[in-house]
Every structure is written in structure tokens, then in C-alpha cells.
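Asker: Given chain A's structure and the hints, the job is docking chains F, W, H and U onto it.
Residue numbers (our numbering), protein chains in the order written: chain A, 3 to 677; chain F, 814 to 1111; chain W, 278 to 609; chain H, 457 to 605; chain U, 5 to 283.
Quick caveat, the hints were computed from the structure, so don't treat them as lab data. Among the hints, erroneous ones may be present.
Derived pair list, reagent style PhoX-like, types lysine-lysine, alpha-carbon separation capped at 25 Å [what the hints assert, rightly or not]:
1) F:K1081 <-> A:K612
2) W:K577 <-> W:K559
3) U:K27 <-> U:K81
4) A:K299 <-> A:K257
5) W:K575 <-> A:K5
6) F:K1106 <-> A:K412
7) A:K5 <-> W:K529
8) A:K340 <-> A:K612
9) W:K482 <-> W:K577
10) U:K18 <-> W:K528
11) W:K559 <-> F:K1023
12) W:K531 <-> U:K10
13) F:K1106 <-> F:K1081
14) A:K477 <-> A:K419
15) W:K575 <-> U:K266
16) F:K1023 <-> W:K531
17) U:K34 <-> W:K529
18) U:K20 <-> A:K5
Not the full set, but computed from the structure, chain W residues with beta-carbon under 10 Å of chain F [claimed, not checked]:
19) E336
20) K341
21) D414
22) W486
23) N490
24) S493
25) V495
26) E497
27) D523
28) M543
29) T556
30) S588
Rough simulated footprint, nothing fancy, chain F against chain W, three-plus residues with beta-carbon under 8 Å [what the hints assert, rightly or not]:
31) 287-295
32) 509-521
33) 528-539
34) 594-601
Beta carbons: idealized from backbone N, C-alpha and C, even for Gly.
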Amino acid sequence: MAKIGVFTCWCGENIARNVDVEAVSEAISKLPGVACSMDYKYMCSEPGQSLIASKIKELGLTGVVVASCSPHMHLNTFRKTVELAGVNPYLVEMANIREQCSWVHTDKEVATAKAIELIGMAVAKVRRNAALEPIKVPVTKRAMVIGAGVAGIQAALDLAAGGVEVILVEREPSVGGKMAGLSETFPTLDCSQCILTPRMVEVGQHPNIELLTYSEVEKVDGYVGNFKVTVRKKARYVDIAKCTGCGSCWNKCPKKVPNAFDYGLGNRTAIYIPFPQAVPARPVIDADNCLRLQSMKKGKELCGICLKQCGTDAINFHDKDELVEYEVGAVIVATGYKLYQITKEQENPKLQGYGEYGYGKYKDVIDSLQFERIISASGPTGGEPKRPSDGMTPKTVVFIQCTGSRDNAKGITYCSKICCMYTAKHTMLFKHKVHDGEAHVFYMDIRSGGKMYDEFVRRAIEQDDAQYHRGRVSKIEEVMVDGVKKCRCYGADTLTGKPCVVDADMVVLANAMLPSSGVTSLAQKLSVGYDGYGFLSESHPKLRPVETNAAGVFVCGACQGPKDIPETVAQATAAAGKALIMLSQPYLTREPEIATVDERLCAACGACVKACPYNAISIEEICDRKGNLVKMTSRVNPGLCMGCGTCVAVCPSKSVDLIGFTDDQVYAQLESLLD
Amino acid sequence: MENELRNAIRELLEKQEIDVAIGYGRVGVDGAVGAVFVTSPDDVEQIVWNDECRQNLAVHLTRPEVKAFGKIGIVVKPCDARAVVVLANEAQVDLDLLTIIGVVCSGIKRAKPDGTTADEYYAKCETCVQHTPQNVTLVVGDVAEGEALDAKNEQNAATAGNNAKLAKLRAMTVEERFAYWREQFSRCVRCYACRQSCPMCYCNRCVADKNRPTRIDTSASLKGNFAWNILRAFHLAGRCVGCGACASACPAGIELDLLNLTVSDAAKEHFGFVAGTEFGVDPLIGTYADDDKEEFIR
Amino acid sequence: MSQIVTLEQLKQTLGAKLAAGAKVVAPVLDGEFASFKEIADVEQASFVPRICMQNSIEEFFFPKHETIFTFVRQGNDVVLNDAPDFDVEQIVVGARPCDAAALPVLDPLFAWDYDDRFYQRRRAKSTVVSFACTQSDAHCFCTAVGGSPENTHGADAILFDLGDGSFEVRAITDKGKALFDGKTTESDKVGKACDAPVVNFDVWKIADWIRANFDSPVWEQVSLRCVGCGTCAYVCPTCHCFDIVDEGSYKKGKRVKNWDSCQDAMFTMHASGHNPRDTQGKRQRQRLTHKFVIYPDKFKFYLCTGCGSCSRSCAQMFGVRPCLEALDKEVQ
Amino acid sequence: MNSEPKNTDAFEPKIVAFVCNWCTYLGADLAGTNRLEYPANVRIIRLPCTGRVDFNLIVKAFEIGADAVLVSGCHPGDCHYTAGNFHARRRWNLFRELLDTVGVDTNRVYFSWISAAEGAKFQSLVTEIVEKTREMGPYEEYQSIVAEA
Amino acid sequence: MENIYKPDLMEVVKVKQETGDVKRVRIRFKDPEKAKQFSFNVGQFGIFSVFGVGESVFNICCSNSHQNEYFEFCFRKVGRVTERMWDVEPGDTIGFRGPFGNSYPIKEWEGKNLVFVAGGIAMPPIRCAIQYCLENRDKYGKITIVYGARTYGDLVCRTELDEWAKYPNVDVLKTVDIAPAEEIEWDGRVDFVPTVLKDSNVSGENAIALVVGPPIMIKLSLPILSENGFKDEDIFTSLENRMKCGLGKCGRCNCGSVYVCKEGPVFTQADIKNMPDDY
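Chain A on its own, in the form it takes in the complex (with noise of 0.2 Å):
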């Protein structure tokens, strides 16, 4: 029955000296089916392989064991080895009887035992195993990068530089995302807006990049290669195509509302561009602030002034949201952070905020992106430093570091990565336009890994006289000091083993950063896993950074993990250097070892459907040849599913099975087993 070649390694020693290597050949040349049975020195030397390769035509063997190493050492290599002989590659199995035996049981005369068992299962095994062929899935040489902030300009402008078209989808009026609202960078301290706008304007023009702003992913079918995502354009109210962007509709609008680019800070009207140098720069209207809208819904029609200034006829107060579908081969999430807002109602259970130090509450204790806005040359103030509550200039800022972070007690239990830095340039920021001012920091370690960067915080304390204090704050009083409004910081300074009190006039705080909000549905749209924040996962922290789970779903920047520009950008590179690699092959090929529906037998229940983590099953129609319905059925899409065999276990009648996994040779595994 069969013909299967079996070739046990020594390993050197490795193998051969808790188990008897001979001993085994000669047991396992005892099983039926078993054509020959031989050892080797290095069964994965070249030797070794051409061993295996001239038995197979020796013999015409129909299936080949190889019982060496753990098969997630070599099991790729002997693959090669038997279909360069011409057998299938998927007709080997590997024993492992170095990892799990010789290396683990001293006893010979054990470890020998058990290698004979170990190499007569998957003697058994490859018994059941069928000839497969890899899956071949064609490819839509286009990308979706989701998120249009500096992660996804980089990773559309490299995309597109590589010749592929790119939809860059971006639910802000504009690009740029956070980046755009900074003030300077470390460790360089270059204006953030100088380095960006170029890219940004190069983003709205390139050829091969469609620019879909103001717009969100609803929903995303089909698989790798093969997305169909659907993009809700939201109406804009502006026709961008008639709009010159010349400005008289918003300096008109009578609606003063405040800014969400300035976090607040600063008022913009209903119609609005959220920041001058926005791309594309073209107005949006913001409907639930405008008086004509609101009064539409009351069957009235109320100012109308933007539509009366408009040169062009680009208003249209009757725009709907638009849902269009995108066929794209790789998609790549940029979504970005936000801040940890902490005040004290939490949306994660998980999390109780920070009331203690009455952010949200004392309008001087502010968060780092406001000061950054704050700091700005073209933020609210204009770069003067004002303090939000009345508009003084503050001359002795506390800063405080880790807000929200590192606390698994009430907060985030990971670091935010940047905060050390950013604070650092803070106060460097602050030390410049208040040459007597005090900038107070209060740390719990200063983290400063980077080219250039421990040196940057140092000159921020050395140079610019940032006075760290080593401890946390526990709580901020608004006081009245001479008149003036104080944020009074009670704080410790554990260096000192002293209490720290500063009475400041505006509080910054460091919050963490968590994941852009939203993103948890999107993840889920994409099947893309994600962490108890919500950060996505990533497929291996270490050798498959950018990829995901779901293939051809890429990752980059800060919606994968705290991280600072030149790692969001490198990051963002790499993501899209790996979509080119997907979307330059005539087809992809997927491990044929796959899920596979019995589909005459299956009942359509859909219990399948539910399990799938890749929604890679769906319920489909069987129809004869005139086209009249038969059954239903489920059926795996190849293109989607990963082979975790989910489904297999979950199925109520047993119609599905994994292919190279089958119940069949799990039993036959199971029963070589039996005395």
C-alpha cells in the first residue's frame, strides 16, 4: 500500500546520541507501506537531500518521511528536495526527533522508543496525504492607503513612485493629520509644517495618486489582491471640482465655531478650511454647525451667505454622501494616535482618567498637542505663548511626563515613546519666546533612545535650563497667587526625597497616545487583529513588522504602536516597499493548505460563516444547469482563508475539512498509535 521512502538523520550527534538511529531504520523498514527506510549523517546536507532524491526514483516512491529537526526548521527545505525529484511537495512529513526527543530524554532506549513511534505517525500521515498545489489568486495592481497623515503620504508617494495606482482615503477635510498641526520637530527642531507641506501638495497632484478626502472606509469585501472597498465620500456641500479655494465663502460665514485643528483653542467658521495650507485646499461645510443646513431641516432656508459669495457655484447645500467602490490589491492602514483624553469618563472600562489634575476643567492645564498648536507659528496665537484661560503670557509652565502612561494602576500600562522628547523640545520651545520663564518637568525615567536624542535632552537642561524633577504630580489646584490665577502642582521630587509644589501658570500635559478612534471597526472591516487599546497587530513584531494577519493588509505608524516621525515614515517605507512586492507578482500564491467544504453534504447552517476570522466562507447558491436552485452551501474562498481549521471544528456535520490536517490523517496518526 503506498510506497514511502522514510530517511532518518543523525544530526551529527545531535540525534544519534540519545537515539539509536540504526535501530529506528530498521523498526520503521518493518511498517507497511514502507518502501525503504534509511539514516544519514545530515540528512539536509546536499548529500543528504540527493540521498532522498535518488531513492524517490529509485524506488518511485509515493511519499517520503523525513524524521530529523522540528519541520519549522526544514520542512520548507525537504519540500524542495522531494518536487525537484518530481514528487509533491506537499507528500512529505517530517518526525521531529531532535526537539522533541533527543534533546529532551537522556534514556536511549526511551528516546529510540519514542522516535519509532513519533516517525510511524507521520508514516501514517503521509499515507493520507494528497498531492496539492499551491493557489494562484491574481493581483488589482492598485493600493488603498487609509489615513492621510505624514505614515500615509509617505507610503502613497512611495507607492506611487513605484508605478502603482493609490486611493488615499482620509476622513479630515485635509491631509496632513497630526503632523501638520506641530509646531517644530526633535531632534532637529525644523518647523514640522516645512517639512510636510511639499509632501503634502505632491500627495494632491501626483498622477497616480487619487486624493479621497473627507471620506471613510465602510466596508471592505473580498481578499487579498482582491479588495472591494467601499468608500463613503461624506458630502463636502463644496463642489472641489468649481471651487477655487479663493477664500470669500469663509471669511464671510457668520458661524464662529471652535477649531478641531487647534484642539479647541481657536475658532474657525461653519465653512471652513481646517488649516491654510490644507490639501486640497478647498472648504468644507461643516453640517451641524451651519445656519442654512440646520434651518433645511426645518423646512427653511436661513443665510445662504457662502452660497451668495461664491464666484463659481461650488456650493451645493443639497450634497449627499457618496458610497463608491474601490477594486485594490493591497490596503494599507495609517490611521495614526490620539491623545489619551483624561478626563474622568472612559469609554474603556479598563481605564479611570485623571481628575486630579482638572484637565478639561482648568482651562491652563492643556495637553500637549494644544501646546503644540499653542507654540505654533500658525497656531491661535501666532506663536506667542498665551495661556488659554486669559490670554498671559505664562512664565512658569510645569510639564508633566508619562500622563496616562506606564500606570498599570488606572492608566495605560505601555510607554508612549515620544513624550521624553517632545517634552524636552517643549521646553526648549517655551525657554525661547520666554527667555525668564521656568519650565518644570516632572518625570518618571527620562527615555532618550535614539540618534541625537539623550543629546537633545540634555541640551534642554543644560543649555535651556528645564528644571526635571523626578516624580510624579499627584495632584493640580487652581489658587489664587497675588491676584493671579495659579495651577498649583503638587509633586514630588524623589531624588530629593522632598515634596515638590510649583504654582504654575499653565500645565502641560504628556498624555499617552492611544490609536486614532474608529479604528477597532475598521480592524474588524479588514480582519486585522488588534491589542486590548486597539493598536493593530502586526503579523511578527520582528521579521513580519508591516504585514498583518490579513494578507495584503499592511500596517504603518501609530495606529501599530506609539511611535515618532522617523519611524512612522521608515515604517510607512517598509509597508509600502512589501504592497509593491505583492501587487509586482502576475498572481500571488497561497499555501494550498487550506479549508476545504464537502459541498454536497453541507447543510448551509452557517456556523462556519460566523467562526471564520477571515470571513473567508460564505453561503453560496448550488444551481443544476438550467440554473434552478439546488442547495446552498458554504464555500471557502482560497484567496481568504489562512487554514486555521476553525471552521472544521465548529462545523455540526463535519462537511469541512483542512486540507493537509484532515481529520482523516489525524485519526491515521492517531490510530498508528494503537499497540
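Answerer: Positioned in the frame of chain A, the structure of chains F, W, H and U alone reads:
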């Protein structure tokens, strides 16, 4: 109430809202109650309702012979109604073609081995706290009476009927339990009557009939019988509604309802899951929660 | 003059057989369920004539599963070992007349051109002692197929319950005589069975109707409530369809003969997926045809003794008698 | 059947382990790489994911004479396939109850999360399982139903 | 007493893959005594088994001229047993029970013209008769073989067809439903079997027809044969009911009162008309 039921069915047939009504009638030896399939309003007098209406008629809904009728009206007891919900949730019945006629049930008397009616309710009825059918198209009978029975049973549900048997079983040592089921399963003849009378056993081919590989030995030996009965119990995890059709069909008198109850109980205890209470619910197996119990995992 | 055996004497007789290494099968009561079981001690048995039994005596002649042979694979070779022969004496006591009557019905089948030694060895080694019926119920219809409450067909001896702790023994065969030889006393009491159950259909006519109405829609109609559970076949004293399967591993295992039921959809399923009997109507038709047409054509017996076990145990209140009655309406 | 009481000193338990390819299998490999010795009684069946392990495999393991069964995979959140182990965990909850009900000793069925980094955990768990099973003795109860014709 | 369910041990002598999923296996008795005593008639079937997997029923597909040396059967890989049977290699041991059933009344056909009509995997049940008749060529009149399959790759005994055509007075009409790829040299028809049969114009005069194949092929072929003058008694077929024991005991193969395993598998069209449609 029987008349109320007949009238309801007559009306449905007359208005052609249904092509067939599956109900209970005196069809067996000596007028024993079994399923009748009434297609004409003139025949509704065949339909009866009493405490001998044992069968779970939902078992017929997935049979091709029955589906061929078209629009079906089915008489269901409250426990059977839950079976219809599970079938709908598993896409086995088309609710558009189904009129679910729920009857308020005050308990069903079990059959003696010779097929006659015992003067005793089924054990499942003693713990039943749902005498009024839920998720049905229409309800026949006195809902208030049903609710009164619910309230009455709620008081002793924990210590009566199958729950009492279950408690007894749990009080045994693990060896005693093994011996208990060993004796029970030794009687199994592998006729698969349990499967055939179960509404949830609609698989196109049962695992027991699949032979690549043979997952369950076909012989009525202890090995095969053990595998069959426990794999079937697991097959019903999160699906069994506790109607007891399997136990009443078993010619060997194996306490299959008790076996299934242990799994349903676990589903309820660990996951708060009760099968067939709601349309549109995802299956218990095939979904998960982040905080599923795991203290037994090393 | 009749021969009488008291309950005690009966127990002693069987006890002696047990002590001599014989297998004794007798009705055993477990709660309200009575079934035929092999007993280790006469006290386990219940010597009361009953018509409602959970099983028939058939399984002691044709077990529900039986090993045909075992095999061991040795390299490319295979070694087969015959299952051991049944070689102990077996006494089946307390059979219903309709149980015992099934044996002569089955005999010609298991001897048809090929002798099934498994059945025949057990048959040769067994003595069947039946109880004349003391009651009948609405399921009984032995009279329709040539039986009666005191039918001795297939029995080696029949016992009539005298209601006073003793039985009148009527030995039918030498085996029966031998069993009770010297164990009985003479008496003038004569046992009497209950009245024969009344049936108002004619199986002969129905069989003719079946012969002529293979394609009748009536089959689907009458069997609509049947869910194909097959209980009828498993409790039937005459149903004998079986399956042959291999069990065990690739290296060693056995081939077994298992009871099967024509009510199972898989029964006639071809490997190609084609199934000539794809509905319950067709499967019920086969069952009835086999019992009342095919078998009599071949072996001159109805494959039914009218015991009523099928309808008694049917959860859907179906079975042979209800089916015959429904067909009788078509005959009329 | 062997009616003589077995010599428990000589009893070597047969343990079947169904492990996932990405965590526990690699954990077992790591135990090897680190030369962490443990008893040789475990026979590992490598599957892609614990999500693949259905109840019938556990039953089959006992049928072929396993004295104990281990099912082990990635820690929650670490599943190579995102959620296979969560699905597995839900089923295990129910397996256990059912096995307990029918009198299969749940001390003979182990579930664990062992990551690719936890070679030592694999070593200690296997050692513990073998020792405990050795104490409990061969699973004669289940074998008796398998042996019965 | 003999154990009628126990098979004889057979050694696999030769395995030939006929199509993508059909193999032909030649076997011989391991016990030389049994080989000497063995005989069968063309048209009979056997029950073949892979130990540990199970039994399957196949026709003996060769003539009985070498019955004491070897015989052959053909199978298609469709189920548990056949999937494992697929793996057998020369030297392996399999089980055999038989021969069972009736056979073609091939002696009675002497002197007559013969028409063999087969479709797909149904070639093997006819092959035995063809082989027999060709081996005894002078005893039979004109032989017409109409054989078709869905595709070129599904033709069983493809090379043999050409060998048969070389015999005197033998017409081999082969056809496929789907035209073969261009690189395949195909000298047969692209049509359905009944059409080819109709075009062949075979006469029922002093002739016997043997028709085996899928139900639809048989259904369409029968009226053509009738039109051409074949009487029902002269049209033979071989039924393939599901069987287990082959001994008339297991109760599976009944077709009305006919036990196909004992009274079949060979029936004339006249027999079949008297049997209920239960196959």
C-alpha cells in the same frame, strides 16, 4: 382550546396562508396521538390538542417531503417553538413560508413502554417555566394559565424533574457516573432514532454515516456507543432546546435528555446562552467572548 | 393430563443450566422496561408472560453486532483469524410466541445457498421456551399472519402460566422435552392462552395491493409522519438486514456484521450519491414489501409475526399495523 | 483483557497532545533547543491552531488508549489566526462539562496556553501531567469500553 | 462450517491506471489450492476488500480464460474503500469473496451478432464479455462495440479499444461528449452514445445487445435498439444495486422480489420490465 386551534388552522387554510398544517391527530394504534398533515379546511377536525401531544413536530420542517408542501403551518408547544427558532437561526427553514402556531401547554404526559399514556408528566415538564410559546406567529390557549404554571414551576424547578436527576448525577463520583452511563450506553442499538426524531439533526449526512474517516464506530459496541452518544450531545451544544424527542424515541430508554441537559446547563451557566429564545442569534459554537471562562486552562 | 412445572422448579432447572455453563436468556425487568437479557442468576429474571418487550429474542441468534474475523497486517501480508464459534448451550426462556415464531421464518434465509454459520450455530445450540400469551393489546396482530397467543412455531417448549406460581409445560421438540425431562409433575390443570387479537384486515389482499401499487402516491401519504428512525426494525424479531464494516486501524482490526435498517437513508445510497430510495415513503414501501411480498415469494413466510413491537415503540405512533390498516383502506 | 493488576511501577502513561503550530509546538521546540528534559510519554499532533481541535479528536485519543490528553495553543490575543484559540476555549468549557458528566475524569484532560517562548512551561506541564497520570494509573475504564466487543 | 463472510487473501499482481480516477487491478489467490479450484463465469461480480477499510462490490472485468492464474477488476475512486484501494501496489494483499451472481448466457449467444453499448465507468462489466467473445471470435457473428465517456480522459480501456478493432468483423465506435484538446489525436466521434448507436444502424436480427451505463444513456439507448428490431429478451444489462453480503442475506439489494446479488446482476430488458423501479 382544541376548537380554538382547529378554527385557527381552518382559517389559515381557507385564506391559503398555508398549504399544509402539521398538527397532532389520533393516528396511531388505539387513537394514539401523532403527527397529521392537514391540507384541506374540511379535515381540520382531525387535529387534536391534549396532554398526549408528545412529538416535536419541528422535526418535519427540514424533511424534503414536507418542504415540498410549500407554505407550512406548524403546531408547536413552547419547547418545540424554540426548536423552530434554532432552525431559523441556522437557515434551515424559511420563515416567510412558515406560520408558527403556538399552543399554551400545561405539560405533556409521558408514554409507557407499550405506547399507552402514563399518568405522569414528562420530567422536563416538571421543570418547565415556559408554558406559553414565544416567537410564534400566533398563540392559541390561555396565556394567563400558562404564566401561572410558569410561576408555580419556578419555585421547584431546581429540585424537580430532570434537574433533580442531574443533581443526583452530579453528586456521584466520577467513576460512578462512568458506570452509570456505561450501563445506559450498553443498551444502545445504534438505531439512530434519537437523531431521526431530533429537529436539530438535519445534517445531510450524519457524522455517524461518514466514513472518511470513521469517526464513530458503527457497531453497537460500547466504544461506538460511547462515541456516538457523547459526540451527539456535543453536536447539540447550544442547539438543543430540551424537547426530549430523542429520549422518547429511544427504544432502549437511554436518558438522552439528561445528557443533553448537562451541555445546555453548561452553556447557560458559562455563557448565559439558551438555545432558541430569540431569532437572529449567532450560534454558541462559532462565536466567542473575550472573557469566556478559562480558569481551568493552564 | 398435563405436565406442570412450578416457578421454583423452573428456576432450579435454569439455575442448573447456568451452573453447567449454559447461557440463559430471560425477561429482565428494569423499572417499567422489560427486555430479554442474558442472566447470571435466575433471580434476575422475571417469569411473567409479557407482550411489551424492549427487544426480541432475535439478538441472541443474530446479535446486533458480531465479529466475522480479525486481521493483522504484517508487512505486505495479512493474517486473518476466524471469530470463535458459538459453542455453549443457550436457553432462551420466556419468549413471546411471536418471538419464537420468527426463528423458523429466518432459518431459510440464513441457509439460502450459503449457510451463515454464525446464525446456525446459535440456532443449533439453543433451546427456546416460550410463554403463551395471557393478554393481547391493540398492537398485537399475530392472527393476521398465521400466529396466535399459543403459537408453538419456533418454540421447543411452551409454558402456560397457571396463575398459581406454576406453568403447564408443553414440550414441542426433543430439545424442549430434554430440558424439562424429570422436572415436571403431572396434573389435571390445563393452561389457556388469552383470546386471539382481533384484526379486521386481510394481509393477503394487502400484499396483492402492494404488488400492484409500487408507484402509488399512497406510500408517501401514509408514511408522512414517519421520521425514519428505524426503531421498528431494531425491535422487530424478524428484521435481519445487516451491514458489513471494518473497524480498527490500518495495522489490525476486525470485520463486523452490524444490524442495519432499511429506514436509514444511507441504506441504499450508492457511492455515486444516487439513492433509489430517497424518500421515507419509498423506504416504508420497501419495509412493507419485504415483509409481505418479497419474503413470502422467496421463503413462503411473511417476514412478520404480528408481535406489534414496532408500533408499541414508535414515537411517531406508526409501525406495521397502522401502516397495514392504512393500506387496507386503499384495498377497500 | 488483562485481569491481573498492572504493575504501576512499570506503567508508562500514553499522553496525546494536540498543539498549535505557532505557539505550543514552537514552545516544545524551544524546550528542545534549551535541552529541558521531560518524560518521553507525550505524542504531539501538530495542527495549525487549537481552533482546529474538535471534541471528536479528544474522544478518538481516548479510544486509541491515551491515558491523558493535552490540548495547548497560543495565549489569548496571541493566536496566529487572531481568534482560533478563543473559539477553542469556548468549546473546551463545554467539552469539560460533558466529559465530567459522562464520567470521563477531567484530570485526564488538560488545556493550556503555552507560547513559543515558554519552553520551560512546556517542560514543567508535561512533567506534571505525566506524573499525575502515572499516579492515577492507566485509564482502564475507558479501555474497558474500547475492549468490549 | 465455513465462514461465508471471510474473504480469500489475494495478491495484487498488476495495477493499471485507466483514467484519472479509474484503476484496473489484476489479482491472484495467495493459496495455490484455491487458485486451482477457482472458476467464474463472465458477468459475475466479486466483493473486494482492503483490510481495515472495508468491502466493495465490483464486476470481474476479464474473461475467464486465465481464471486459475489471475483475474481482474476495475474501480473508480469515489468512496472510502476505493480511495484506499487506489493505493494498492503489486505485492499487496487484498481480500476477495466470490464469484457471486448470475452471468451472461454467453454460450447461448454463439452464432449471433453482438452489440455492446457502454458508457463511462460501465466499460468493465462489459469488458469481460467482449474479451471472451474475441477470444472465441469464430463462434460469434459481427461484433459492434459502442463506447463513450464524458471526456477523452474518462475513457476506460482506451488502448484496448484499438486492439479490439483489429479483430475481424469488429466495429469499435468510440465517442466522447466533450471534444478533446487539439493536441490529442482523436479518431472517434464527439457525440452522445445513443446518437452513435442510432447512426450505427445495428440490426436486431439474430443479435444480442448488452447495454451498461448511466441511467440516462440506457434510457435513450433502449428505444433505438427496439426500433432496430431487438427484442426485450435479447437486450441484456448488468444492474449495480448497493450490496453488502453478496449472499442474499443482508437485505439491501432487493428490487421487488429479486435479490440482485443472487438473481442478478445480469437481467434482460424483459426481466427489468417486470421489476419495480427500485435501482
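Asker: Against chain F, with CB atoms and a cut of 10 Å, does the hint on K341 of chain W hold up?
Answerer: Since chain F brings a Cβ to about 5 Å from K341 of chain W, closer than 10 Å, the hint holds.
Asker: Straight-line Cα separation of K1023 of chain F and K531 of chain W no greater than 25 Å?
Answerer: holds, 19 Å
Asker: Below or equal to 25 Å on CA atoms is what counts here, so check K559 of chain W against K1023 of chain F.
Answerer: Roughly 23 Å separates the two Cα atoms, so the pair holds.
Asker: How about T556 of chain W: closest beta carbon in chain F under 10 Å, or not?
Answerer: This interface hint holds because 5 Å falls under the 10 Å limit.
Asker: Please verify that hint: E497 of chain W, Cβ, nearest Cβ of chain F, below 10 Å or not.
Answerer: With a minimum Cβ separation of about 6 Å from chain F (threshold 10 Å), the hint on E497 of chain W holds.
Asker: CA of K340 of chain A to CA of K612 of chain A, is that 25 Å or under?
Answerer: violated, 32 Å
Asker: Can you take a look at whether the stretch 594-601 of chain W is actually covered by chain F? Rule is 3+ residues, C-beta closer than 8 Å.
Answerer: holds (count 5)
Asker: Within a Cα-Cα threshold of 25 Å, do K34 of chain U and K529 of chain W meet the stated pairing?
Answerer: Cα-Cα ~20 Å, so holds.
Asker: Min Cβ distance, S588 of chain W to chain F: is it shorter than 10 Å?
Answerer: With a closest approach of 5 Å, the S588 of chain W hint holds.
Asker: Under the criterion of a CB-CB separation shorter than 10 Å, is M543 of chain W in contact with chain F as hinted?
Answerer: The hint holds - M543 of chain W has a Cβ within 10 Å of chain F, the shortest such distance being about 5 Å.
Asker: Verify the coverage statement for the stretch 528-539 of chain W against chain F, using a C-beta to C-beta distance below 8 Å and requiring 3 or more qualifying residues.
Answerer: Satisfied; 4 residues make the cut.
Asker: Need the status of pair K1106 of chain F, K412 of chain A: alpha-carbon distance at most 25 Å?
Answerer: holds, 24 Å
Figure legend: structure checked against the earlier numbered hints; hints not met, in rising order: 5, 8, 22, 23, 24, 25 and 31.
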